[in-house]
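Residues 1 to 436 (my numbering) make up the sequence shown, in order.
Don't read these hints as lab results, they were simulated from the structure. Treat the hints with care, as some may be off.
[As the list claims (entries may be wrong)] Across the chosen pairs, the derived CB separations fall in these ranges:
| id | residue 1 | residue 2 | range |
| --- | --- | --- | --- |
| 1 | G226 | L377 | 20 to 26 Å |
| 2 | S260 | T45 | 31 to 37 Å |
| 3 | N162 | S278 | 21 to 27 Å |
| 4 | H378 | G328 | 30 to 36 Å |
Remember, predicted model here, so these are calculated numbers, not experimental data. C-beta atoms are modelled at their ideal positions from N, C-alpha and C, and glycine is treated no differently.
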Amino acid sequence: MHARIAAVATAFAIGLVTPASAQTELQWWHARAGELGQKLEKLATDFNETQKEFKVVPVYKGTYPEVMTGAIAAFRAKQPPHIIQVFEVGTATMMAAKGAVYPMYELMKDAGQAFEPGSYLPAVVGYYTDTQGNMLSFPFNSSTPVLYYNKDLFKKAGLDPNSPPKTWPEMGTAGAKLQAAGVPCGFTTEWRSWINVENLSAWHNVSIATQANGFGGLDTELKINGPVQTKHLGQLADWQKTKLFDYGGRLASAEPKFYSSECGMILASSATRLGIISNLKSEVGITMMPYWPDVQGAPQNSIIGGATLWVLKGHSAQEYKGVAKFFGYLSKPEVQAWWHQQTGYLPITQAAYELSHQQGFYEKNPGTEVSIKQMTLHPPTENSKGLRLGNFVQIRNLIEEEMEPALQGKKSAKDALDSAVTRGNDLLRQFQRANM
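Please model the complete structure; the sequences and the hints are all you need to start from.
Quick look at the structure:
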């Protein structure tokens with residue numbers, strides 16, 4: 001009896017006990033605000049309406065790094081949420097947190113929930129599986145960078161709105177024509193490291209790091225200061241002088257420059273489409289990222305961003321049964337097709353992709369299939385599978401720190417990237433020592 005009272009008291013202390021007739025609440029911490037946050041909340045609401053046993057409660061916790069930091073603190077305080085949304089560069093850190101994480105493949109098996117790993121798109125799930133091919137987290141919102149362009153501004157500049165730039169030299173030409181027509185800025189970019197370092201490298205089939213970008217082991221070193229990356233950053237810095245390219249800040253803070261037609265083009269996540277069609281009054285075009293034509297084999301394939309859903313330990317089997325049931329619901333073709341079509345995130349299953357085709361979504365919405373075609377343009381290589389680097393949340397921040405003075409003309413592109421490699425390798429060694 002005493003043990004039972006203690007168990008109830010502990011559960012009540014972390015807010016998980018409700019009257020017997022009430023639904024079991026499942027806390028889902030996430031990082032999606034605005035329009036995307038509203039779509040996410042609808043997924044939870046729709047699931048809750050399909051059954052009466054469980055209630056998924058989405059809780060916005062700020063940016064991706066803030067969600068991770070908050071979840072770690074909550075786990076240490078023995079008050080963890082059930083599900084957390086972790087961006088792709090947090091994968092290695094979550095994999096190393098074995099005592100805190102309930103791997104997805106084990107969860108689904110233990111809960112008796114139907115789960116077919118082969119039904120998920122290989123380009124998506126490869127990022128989140130261990131060396132035995134087991135899925136560790138649920139691939140919820142996966143995206144990849146694409147090029148958006150303002151068709152009305154293209155027409156104003158005498159550019160063909162149906163023939164967007166394919167290469168970086170063509171970006172320069174188009175940007176100059178836009179400026180000549182009175183557009184202040186040719187193009188901008190969000191998520192500079194993800195797009196202009198990580199995806200740039202994969203798109204040109206050059207290494208981000210040794211050991212197959214970290215998939216081969218913890219003793220990896222950065223290689224983002226090679227000729228392709230250095231040339232690219234140097235060109236952006238040169239274009240910044242005339243605002244043919246205009247730096248708009250970190251993360252997604254450059255988006256208003258495109259929404260307001262200050263810039264005629266933007267390199268952004270495929271999931272930015274929802275914000276663009278909600279905010280841009282002009283017709284928008286979507287095409288693949290540009291590439292440097294003098295790099296042999298380019299373009300290769302892009303890599304994913306976005307996030308997956310990780311499950312934290314510390315809850316009852318009954319609660320995990322609800323989490324597994326929710327993941328099963330999210331995997332349904334009709335649910336995934338809706339999420340993909342509404343947001344611009346990739347469909348995580350082949351069935352959802354095929355259903356979107358059958359529904360005529362890509363025909364009615366030109367450009368919305370670009371992200372999938374770009375991800376699957378060629379079979380991925382060791383250089384273009386993705387990256388799995390420890391402490392990469394911090395490493396990405398310092399890459400951004402080094403890129404900024406280069407864009408401001410205060411540092412050469414080579415010096416900036418060399419410094420990012422040196423500083424980043426220090427963080428990689430720290431992670432290696434902590435996980436040996």
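Results for each hint:
1. G226 with L377: 20 to 26 Å: holds (21 Å)
2. S260 with T45: 31 to 37 Å: Taking Cβ atoms as reference, S260 and T45 lie about 33 Å apart, which means the hint holds.
3. N162 with S278: 21 to 27 Å: Since N162 and S278 have Cβ atoms about 24 Å apart, the given range 21 to 27 Å holds.
4. H378 with G328: 30 to 36 Å: holds (32 Å)
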